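If you count by my numbering, then the sequence shown holds residues 11 to 339, one letter each, in order.
Note that these hints are calculated values from the structure, not bench results. Quick caveat: nothing in here was measured; it's all calculated off a predicted structure. Accuracy of the hints is not assured; some may be wrong.
Simulated DEER-style distance windows between Cβ atoms [as the list claims (entries may be wrong)]:
1. 60 <-> 199: 31 to 37 angstroms
2. 146 <-> 335: 42 to 48 angstroms
3. 232 <-> 320: 24 to 30 angstroms
4. 336 <-> 83: 29 to 35 angstroms
5. 219 <-> 321: 43 to 49 angstroms
6. 319 <-> 89: 29 to 35 angstroms
7. 295 <-> 337: 16 to 22 angstroms
8. 78 <-> 182: 25 to 31 angstroms
9. 19 <-> 60: 17 to 23 angstroms
10. 335 <-> 296: 29 to 35 angstroms
Backbone N, C-alpha and C fix where the C-beta goes; we use that ideal spot for every residue, glycine too.
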Amino acid sequence: MSTSESPFAALADTPFLKGHGTQNDFVLLSDDDSELEMHPETIALLADRRAGLGADGIIRIVRSAKSGIPGAAEQAEAGAEWFMDYYNHDGSLSEMCGNGVRVFAHTLVTTGRVPADTKDILVGTRDGIKTVRTTLNPALGVQTGDGLQTTTPNAPGSADDAWYTIDMGEWSLDENSSVLVTTGGIEVARPGLSVETGNPHTVVALAEAVELEGADLRDAPVLDPVPPQGSNVEYIVMEPARSDVAGGEGALRMRVFERGVGETRSCGTGACAAAIAAHHWAGPNSPLQWRVDVPGGQLRIGIDPNQNGTAGRVTLAGPAVLVAGGTIG
Numbered sequence: 011m012s013t014s015e016s017p018f019a020a021l022a023d024t025p026f027l028k029g030h031g032t033q034n035d036f037v038l039l040s041d042d043d044s045e046l047e048m049h050p051e052t053i054a055l056l057a058d059r060r061a062g063l064g065a066d067g068i069i070r071i072v073r074s075a076k077s078g079i080p081g082a083a084e085q086a087e088a089g090a091e092w093f094m095d096y097y098n099h100d101g102s103l104s105e106m107c108g109n110g111v112r113v114f115a116h117t118l119v120t121t122g123r124v125p126a127d128t129k130d131i132l133v134g135t136r137d138g139i140k141t142v143r144t145t146l147n148p149a150l151g152v153q154t155g156d157g158l159q160t161t162t163p164n165a166p167g168s169a170d171d172a173w174y175t176i177d178m179g180e181w182s183l184d185e186n187s188s189v190l191v192t193t194g195g196i197e198v199a200r201p202g203l204s205v206e207t208g209n210p211h212t213v214v215a216l217a218e219a220v221e222l223e224g225a226d227l228r229d230a231p232v233l234d235p236v237p238p239q240g241s242n243v244e245y246i247v248m249e250p251a252r253s254d255v256a257g258g259e260g261a262l263r264m265r266v267f268e269r270g271v272g273e274t275r276s277c278g279t280g281a282c283a284a285a286i287a288a289h290h291w292a293g294p295n296s297p298l299q300w301r302v303d304v305p306g307g308q309l310r311i312g313i314d315p316n317q318n319g320t321a322g323r324v325t326l327a328g329p330a331v332l333v334a335g336g337t338i339g
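Please put together the full structure from these sequences, using the hints given.
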């Protein structure tokens with residue numbers, strides 16, 4: 011088959027990398043000077059796990075000033091030289107991807123687009139500029155309130171994994187929302203809490219781990235009413251909190267169905283939404299630091315709520331791994 015006949019002709023000779031953040035995986039396309047044409051059909055085929063390279067999402071690496079994306083030029087002027095142009099598995103656009111931002115920042119460092127000693131990596135996204143910093147890998151230890159380093163039992167990954175903390179920006183929740191979520195494998199529809207973390211989320215609390223494991227997420231959950239922009243759906247089970255971390259650390263397990271993707275091994279913005287919902291349900295005196303265990307690994311969330319607990323800021327920390335690279339034929 012000649013290149014012109016290839017379904018990837020529009021992406022021919024484009025360098026790519028394959029990476030993941032807690033097994034939420036991405037194909038990253040190098041398009042520094044914005045020369046590619048990103049067609050939804052081509053993106054969906056590239057993300058296909060049988061006909062393409064396979065990924066939960068496709069990320070185009072492009073200079074903000076040259077991207078042509080609304081608002082990106084202003085982000086470039088504010089210091090975000092690089093823009094994360096993110097697409098879901100089905101080729102649709104997405105506002106943000108927390109795991110994707112970590113992998114994107116790791117790629118910028120690994121490929122020399124930003125110096126390795128950069129303290130704050132500013133990443134342009136459709137949800138505004140995200141600030142990313144390297145952080146301590148829990149496999150090596152955690153910083154306690156008095157500055158001492160302690161080891162973390164059952165920490166995920168290897169000591170060589172690169173960890174990053176992202177200032178995810180503002181979040182909000184609608185405590186008056188009334189969304190019923192019908193899910194395969196769960197007999198009764200459950201209420202969900204609407205949380206906005208750059209992407210729309212609906213968080214459902216389950217009583218036991220057996221319910222979490224029994225949820226059938228091969229088909230999309232049914233939401234009533236359906237949110238205007240659709241919604242990711244997170245299912246969580248809260249676990250006993252830890253007391254050996256300064257201020258305490260909440261803990262939960264999560265599975266997620268992402269709009270435009272299906273069930274994924276992890277979701278960064280979804281983990282943030284899950285921790286925010288858990289804190290809201292547990293009350294204002296519950297921990298502001300949360301460990302979120304997902305099928306693909308472990309993430310850590312920091313919550314800074316406002317006085318009434320319905321909005322605030324949130325941080326996301328987790329690993330980023332690059333596994334392969336090549337050129338699209």
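Hints the structure fails to honour:
Hints 2, 5, 7, 10 not satisfied by this model.
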